[in-house]
Amino acid sequence: MLRVKSPQDLGAAIVFIVIGLAGLYAGKDLSFGTASHMGPGFFPTWINFLILAIGVGVGLKALAIEGPRIEPFQLRPILFIVAAIVIFGLLINGVGMALSAIVMTIFAAYARRGVRVTETILLAAGLAVFSVIVFVYVLGQAVPAWWGR
Amino acid sequence: MEINLFHNLAIGFGAAASFSNIGFALIGCLVGTLIGVLPGIGPVATIAMLLPITFGLGPLASLIMLAGIFYGAQYGGSTTSILVNMPGEVSSIVTCIDGHQMARQGRAGAALAIAALGSFFAGCFATVFVAAFGPPLAAVAQQFNSPDYFSLMVLGLVTAVVLAHGSVIKAVGMVLVGLLFGLVGTDVNSGTTRYTLGISDLWDGIDFLPLVIGMFGIVEIINNLEQPTLPRSAASTRFRELWPSKNDFKESWRAVLRGTGLGSILGILPGGGAVLASFASYTLEKKVAKDPSRFGKGAIEGVAGPEAANNAAAQTSFIPLLTLGLPSNAVMALMMGAMIIQGIQPGAAVMNTRPDLFWGLVASMWIGNGMLLVINLPLIGIWVRLLALPYRLLYPAILLFCVIGVYATNPNVTQLMLTALFAVFGYILMKFGCEPAPLILGFILGPLMEENLRRALILSRGDPMVFIQRPISAILLAITAVIIALIVLPQIRRTREKAFQE
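Line order of the protein sequences matches chains Z and E.
Residues in the first sequence are numbered from 22 upward in steps of one, following my numbering.
Residues in the second sequence are numbered from 690 upward in steps of one, following my numbering.
Keep in mind the hints are simulated off the structure, nothing from the lab.
Quick caveat, the model's predicted, so the values are computed rather than measured.
Treat the hints with care, since some could be wrong.
[As the list claims (entries may be wrong)] With beta-carbon atoms standing in for the labels, derived distance ranges:
1. 151(Z) to 1067(E): 17 to 27 Å
2. 35(Z) to 939(E): 52 to 62 Å
3. 93(Z) to 703(E): 53 to 63 Å
4. 1067(E) to 46(Z): 55 to 65 Å
5. 46(Z) to 1070(E): 55 to 65 Å
C-beta atoms are modelled at their ideal positions from N, C-alpha and C, and glycine is treated no differently.
Could you put together the complete structure from these sequences and hints?
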């Protein structure tokens, strides 16, 4: 009877196998060439097969050796943090540094429970002012401060 | 040789000690400490976040500033370990053990000062060490041909994986995934685009920053947010006095000497670096101590030795990077990434083509260490106050700076989407117990390995035996095989024993 002894290893094995297979599939049109004339597909194909092999190896290990359990996935932090980054990316070109920073900070703050609204708004405003001064004016980064430019 | 060494160091100080370069070292140290002191942020994440601010500078200035950031980040990490018992990275775990106990006894000042002084001494020694051992190693490296370089990278990656903590087989997998990621983009030889998924922004390859910021910076923030108790503030620490007593010096100077020696040697090993050095030094101090039971209860040698060791190792780990072009840990991979962005391919050639750059960087290591001592130590009060800020206010700021850093370096929305993607990827891998550091090493080395493999096989007309026929390459591969055997054999035996027991 097969029993998973190390859930962490099984997860890692799946990730490796998926990457290896995806790599082989996405690279299937790359010409392999010969050893003396390596095509663009030569090295990646080898790497992908090795990744697959490692994936299978880790998978077997997961069935053979006891290992730690997987810490539960908590959706709130990752969802809000990733959303904050994506929204910053969608806004920055259109509305500039100040407003994007404010919106991003507010999203980021909601990554944890018990948000204090006033504090968060003050923090967002403070960070917006700080980043406009430091990044746009002092360091002269190529980011618009307000709307277009 | 002797004269050469000082002549070379003179070139270095001539290049590095200009008014503006010292300024950059100073700023680097300050911002490095500023970010590094924040709980839960290690040197890799700190450097990744601060990389963008150095891009506008010239090559030497930017390297000097980065070195400053690196030392600042390490020192900041020690400060956090001692004051709040929150190690930002593996190498500071050791400092936490006795350092935090000292802080609870009201001796935080002494612990911090000894850490800084020990690090400074180690830094001085390691600077000379790098200057002495760099040129001979570079001379050896000049004999290297493509097959040798390929074998060297295999050896480097294997040792890095073996010496790092955590599962070896998963680390190998991560290296391979890193190699694959490194190949994304246009193949230089055929002009074919690979793995770009039709996204034109990927034609030049995956950018370094979204990868490291996503997998290190952002994942660390998410990880901290998932902990049931957010990192605590340093409220409970009291400062009786900053300066260590005479007795403290008496107890720690030998530990500093031993740590420096140990760290300098371990730092050269691929994958060694600061982590291995600080653990080894702590174990050594405990072994040689007259009364080992004091350790874990605030023994000052337990702070002095490891801190000296990790600083010495941090410095000597530049040797393989600067002479062989081989980054031995994630921090060095970041340094290499920064050099490549500046248009410098690290390796033996740098020493001849740009001696000012090589020796300037060596000299700046010493300057950076000095900065830590004269600027940072007196500022300790400010860092403590910063630590008292609650994490709920800190992490949005950290996140914002990460994101601005990525965008400012390459003002392209795709970069931010990639950052988010790598954050999710790194998060999943973290849950499955996969360390991101080996992936970064593979990512940096991917294109180089492919190129050297290609050249080696062209030279040999496709015969893979070339890797065994060339003596240098054969020796490197033999060492690799021995290391793999040492690791794999006991594991197999253990597995079989376990299997039989059931």
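For each hint, the structure was consulted:
| no. | hint | verdict |
| --- | --- | --- |
| 1 | 151(Z) to 1067(E): 17 to 27 Å | holds (25 Å) |
| 2 | 35(Z) to 939(E): 52 to 62 Å | holds (56 Å) |
| 3 | 93(Z) to 703(E): 53 to 63 Å | holds (57 Å) |
| 4 | 1067(E) to 46(Z): 55 to 65 Å | holds (59 Å) |
| 5 | 46(Z) to 1070(E): 55 to 65 Å | holds (58 Å) |
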